[in-house]
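Participant: Chain by chain, the residues run as shown.
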Amino acid sequence: MDIKTHIHEAFAALENTTPLIHHITNYVTVNECANVVLAIGASPIMASEISEVAQMVGFAQALVLNIGTANTQSIEAMLEAGRAANAQGIPVVLDPVGVGATTFRRQSVARLLEQIRFSVIRGNMAEMKTLAGLETKSSGVDSLEDESDALSIAQGLAKKLNCVIAITGKEDVVCDGTHAYTLCNGDEALRSVTGTGCMSSSLIGSFLGATNNPLLSAILGISTMSLAGELADKSKGMGTFRISLFDRISKMNASLVLEKARIYLKG
Amino acid sequence: MDIKTHIHEAFAALENTTPLIHHITNYVTVNECANVVLAIGASPIMASEISEVAQMVGFAQALVLNIGTANTQSIEAMLEAGRAANAQGIPVVLDPVGVGATTFRRQSVARLLEQIRFSVIRGNMAEMKTLAGLETKSSGVDSLEDESDALSIAQGLAKKLNCVIAITGKEDVVCDGTHAYTLCNGDEALRSVTGTGCMSSSLIGSFLGATNNPLLSAILGISTMSLAGELADKSKGMGTFRISLFDRISKMNASLVLEKARIYLKG
Amino acid sequence: MDIKTHIHEAFAALENTTPLIHHITNYVTVNECANVVLAIGASPIMASEISEVAQMVGFAQALVLNIGTANTQSIEAMLEAGRAANAQGIPVVLDPVGVGATTFRRQSVARLLEQIRFSVIRGNMAEMKTLAGLETKSSGVDSLEDESDALSIAQGLAKKLNCVIAITGKEDVVCDGTHAYTLCNGDEALRSVTGTGCMSSSLIGSFLGATNNPLLSAILGISTMSLAGELADKSKGMGTFRISLFDRISKMNASLVLEKARIYLKG
Numbered sequence: 001m002d003i004k005t006h007i008h009e010a011f012a013a014l015e016n017t018t019p020l021i022h023h024i025t026n027y028v029t030v031n032e033c034a035n036v037v038l039a040i041g042a043s044p045i046m047a048s049e050i051s052e053v054a055q056m057v058g059f060a061q062a063l064v065l066n067i068g069t070a071n072t073q074s075i076e077a078m079l080e081a082g083r084a085a086n087a088q089g090i091p092v093v094l095d096p097v098g099v100g101a102t103t104f105r106r107q108s109v110a111r112l113l114e115q116i117r118f119s120v121i122r123g124n125m126a127e128m129k130t131l132a133g134l135e136t137k138s139s140g141v142d143s144l145e146d147e148s149d150a151l152s153i154a155q156g157l158a159k160k161l162n163c164v165i166a167i168t169g170k171e172d173v174v175c176d177g178t179h180a181y182t183l184c185n186g187d188e189a190l191r192s193v194t195g196t197g198c199m200s201s202s203l204i205g206s207f208l209g210a211t212n213n214p215l216l217s218a219i220l221g222i223s224t225m226s227l228a229g230e231l232a233d234k235s236k237g238m239g240t241f242r243i244s245l246f247d248r249i250s251k252m253n254a255s256l257v258l259e260k261a262r263i264y265l266k267g
Numbered sequence: 001m002d003i004k005t006h007i008h009e010a011f012a013a014l015e016n017t018t019p020l021i022h023h024i025t026n027y028v029t030v031n032e033c034a035n036v037v038l039a040i041g042a043s044p045i046m047a048s049e050i051s052e053v054a055q056m057v058g059f060a061q062a063l064v065l066n067i068g069t070a071n072t073q074s075i076e077a078m079l080e081a082g083r084a085a086n087a088q089g090i091p092v093v094l095d096p097v098g099v100g101a102t103t104f105r106r107q108s109v110a111r112l113l114e115q116i117r118f119s120v121i122r123g124n125m126a127e128m129k130t131l132a133g134l135e136t137k138s139s140g141v142d143s144l145e146d147e148s149d150a151l152s153i154a155q156g157l158a159k160k161l162n163c164v165i166a167i168t169g170k171e172d173v174v175c176d177g178t179h180a181y182t183l184c185n186g187d188e189a190l191r192s193v194t195g196t197g198c199m200s201s202s203l204i205g206s207f208l209g210a211t212n213n214p215l216l217s218a219i220l221g222i223s224t225m226s227l228a229g230e231l232a233d234k235s236k237g238m239g240t241f242r243i244s245l246f247d248r249i250s251k252m253n254a255s256l257v258l259e260k261a262r263i264y265l266k267g
Numbered sequence: 001m002d003i004k005t006h007i008h009e010a011f012a013a014l015e016n017t018t019p020l021i022h023h024i025t026n027y028v029t030v031n032e033c034a035n036v037v038l039a040i041g042a043s044p045i046m047a048s049e050i051s052e053v054a055q056m057v058g059f060a061q062a063l064v065l066n067i068g069t070a071n072t073q074s075i076e077a078m079l080e081a082g083r084a085a086n087a088q089g090i091p092v093v094l095d096p097v098g099v100g101a102t103t104f105r106r107q108s109v110a111r112l113l114e115q116i117r118f119s120v121i122r123g124n125m126a127e128m129k130t131l132a133g134l135e136t137k138s139s140g141v142d143s144l145e146d147e148s149d150a151l152s153i154a155q156g157l158a159k160k161l162n163c164v165i166a167i168t169g170k171e172d173v174v175c176d177g178t179h180a181y182t183l184c185n186g187d188e189a190l191r192s193v194t195g196t197g198c199m200s201s202s203l204i205g206s207f208l209g210a211t212n213n214p215l216l217s218a219i220l221g222i223s224t225m226s227l228a229g230e231l232a233d234k235s236k237g238m239g240t241f242r243i244s245l246f247d248r249i250s251k252m253n254a255s256l257v258l259e260k261a262r263i264y265l266k267g
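Heads up: the protein sequence lines correspond to chains P, W and A, in order. Number 266 in our numbering belongs to position 266 of the first sequence; there are no gaps in the numbering. Number 199 in our numbering belongs to position 199 of the second sequence; there are no gaps in the numbering. Number 40 in our numbering belongs to position 40 of the third sequence; there are no gaps in the numbering.
In isolation and in its complexed conformation, chain P is listed as follows:
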């Protein structure tokens, strides 16, 4: 697939369908995730009561599961919603926030991977190495890892888990087991705002709800956030940067991505 030929289509699909993106996500960045979904032109619904999630996800075009502040109840709701999504062919994104940090997170993600078929999994290098069963120097939710072997780890994981793997870092790697891309946009300032990772996953979910194309959606979700980070106003401080980021995302379009995104086919 020549990704670039599909970018106009993807943005048009978003505009034409306004897909509903069901989230079961953390309480830290949930408002940001809802707003980023609106900013890109999709529609968010957050619902995590176990007795309603299977019904709710039936209205959605994609489901985003994020374990940032997961607890035993929300993991059960994620399993319930994920199984219902799978049964109805609704694509599912996983953001395994800080999966390596605690036994609870590792076991919860293991259950999610066992019971749910994911279309895209996005995380940082420490999270992805944990999924790959490799040693990490995790400290909570930030990654301290060397990123030079991202490509081979992504390829291995994509094959093992049979889904698109997106590893975000200085350079991002997106791989579907057959093709791999590196994405070379972004700005350090994105690390100074909470939730830019979570929001990237929500953007991936938004494109996925519009296109049902996991590889394209992972690339566009991440590129949208990275480009917005490059373009946003960094002169006044992190408050203004955060607001400018939303401004830029709400103005993002296919032409801008085609002009500025540095997306390279690697294998």
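Because the hints were derived from the structure by calculation, they are not lab data. Glycine included, C-beta positions come from ideal geometry on N, C-alpha and C. Where hints are given, some of them may not hold.
[As the list claims (entries may be wrong)] List time: in silico SDA-like cross-link candidates among lysine to any residue, alpha-carbon distance up to 20 angstroms:
#: 1; chain 1: W; residue 1: Lys260; chain 2: W; residue 2: Gln155
#: 2; chain 1: W; residue 1: Lys251; chain 2: A; residue 2: Lys234
#: 3; chain 1: A; residue 1: Lys234; chain 2: W; residue 2: Leu231
#: 4; chain 1: W; residue 1: Lys234; chain 2: A; residue 2: Lys236
#: 5; chain 1: W; residue 1: Lys251; chain 2: A; residue 2: Lys236
#: 6; chain 1: P; residue 1: Lys251; chain 2: W; residue 2: Asp233
#: 7; chain 1: W; residue 1: Lys236; chain 2: P; residue 2: Ser235
#: 8; chain 1: P; residue 1: Lys236; chain 2: A; residue 2: Leu256
#: 9; chain 1: A; residue 1: Lys137; chain 2: W; residue 2: Asn16
#: 10; chain 1: W; residue 1: Lys170; chain 2: W; residue 2: Glu230
#: 11; chain 1: P; residue 1: Lys236; chain 2: A; residue 2: Asp233
[Claimed, not checked] Going by beta-carbon spacing under 7 angstroms, a handful of chain A positions derived as facing chain W:
#: 12; residue: Val28
#: 13; residue: Asn71
#: 14; residue: Thr102
#: 15; residue: Phe104
#: 16; residue: Thr182
#: 17; residue: Cys184
#: 18; residue: Leu190
#: 19; residue: Lys236
#: 20; residue: Gly237
#: 21; residue: Met238
#: 22; residue: Gly239
#: 23; residue: Thr240
Starting from the known structure of chain P, fit chains W and A onto it as the hints suggest.
Facilitator: Frame of chain P, contents of chains W and A only:
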């Protein structure tokens, strides 16, 4: 009641009393709701632990219940707080977010309506049609409904539920069973930010805590949000728009509402 | 200790160590707390699942407990995390939001004080009088108290609880049982934004994670917020003020604090 003669009084009451508005609300827009209450000059308190809500609501001048991310526990807390509010004559607002979407939401709202006397219920057309027992084309929390029969639905519901009904949409309708008003302010951009509906309900609660006048409060809560939406800066994107919205709400006053609000008595 | 000679060291320590600050906090201002921790140069982790908090806090350099929307489950998680932090010598900050308002809050804080050794407790006058066993005119989470006896209350509490006490108000008082300081910066506008108190506690936690010096951290956490409030743009309304506050915090540094902070040794 000639609504317009009471607008100065309502803003003055807010300023003189700084009413405390107890919320049991969703975790997506809860920060926005707290800030909007502060912006209009009231004081927010969010508390949802079932063993404390009855005691907490006793300090409040109004209670706002919003089921956006309700779960079985928070519904019990809402019932507990609502009954305590009723017993003490503290007015209660209901925002039945996405009530038509799931069985859990329908049953929860049915219990709330059975056990609590509400002063104002605010929702979109799909939510209100669900309350009225009518067919809807609900898709999660957004309304896809024709809004031409809003007036008759509001009138019917206001009589049936014996409270003020506020249906927000392109035009808003507010009705107390006797009098009905249409409100013709607002801006499409308000739909591009999460929580403008929730915030309208919190503004209604704020005016209600200051005036104990449900009809006036519904009109002023909605008009404040609509006017702020008209006046807010839409040139830079949705990040700036959201911030500008809070700026405008914090500068709202009776004279501005009297000058710009298009409030029409309909019956 | 001459506080001022340590201010450059404290900011340098933050920059050199990027301490991880574990929060168990309320769902209203949690995003603000995460962003303020990033703005000052530390790293936030929010996790409240009881089965993981003891493990998670082991990665952290400080723990912040905030009871703003505590429930029976989160209090158990706070106890678990606090005990683990104590066992590993990780300093703990308590923000007893609205402790006087309900029996649940009073009993929960009593349990926290019994089982956990705190380095800093920060609250408003009503909260601190409640901790001191004095009568209050509490109304929810805002303080209506006379603040003239803050110094003696802080001194008494610091000795009784064997920790640094910080009472924030028009003037702030910080006391470690031996030395007491008054802090005379700040701006009324800080009361028009939700979470400035919570954020002050998170800033204290950030400095504490970097320096392990409770008295210095309480002074710097509060002074950072107060100075940012003085410097932030108040001309456009509370939306812009809130954003400007984050801009100012992210630009805060030792020289600015030394130039502008009014910190007075009182005893």
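Participant: Give a verdict on every hint.
Facilitator: Hints, verified against the model:
no.	hint	verdict
1	W/Lys260 - W/Gln155	violated, 26 angstroms
2	W/Lys251 - A/Lys234	holds, 12 angstroms
3	A/Lys234 - W/Leu231	holds, 18 angstroms
4	W/Lys234 - A/Lys236	holds, 15 angstroms
5	W/Lys251 - A/Lys236	holds, 9 angstroms
6	P/Lys251 - W/Asp233	holds, 15 angstroms
7	W/Lys236 - P/Ser235	holds, 16 angstroms
8	P/Lys236 - A/Leu256	holds, 16 angstroms
9	A/Lys137 - W/Asn16	holds, 18 angstroms
10	W/Lys170 - W/Glu230	holds, 13 angstroms
11	P/Lys236 - A/Asp233	holds, 12 angstroms
12	Val28	holds, 5 angstroms
13	Asn71	holds, 4 angstroms
14	Thr102	holds, 4 angstroms
15	Phe104	holds, 4 angstroms
16	Thr182	violated, 26 angstroms
17	Cys184	violated, 24 angstroms
18	Leu190	violated, 11 angstroms
19	Lys236	holds, 5 angstroms
20	Gly237	holds, 3 angstroms
21	Met238	holds, 4 angstroms
22	Gly239	holds, 3 angstroms
23	Thr240	holds, 5 angstroms
Hint check: violations occur at hints 1, 16, 17, 18; the rest are consistent with the structure.
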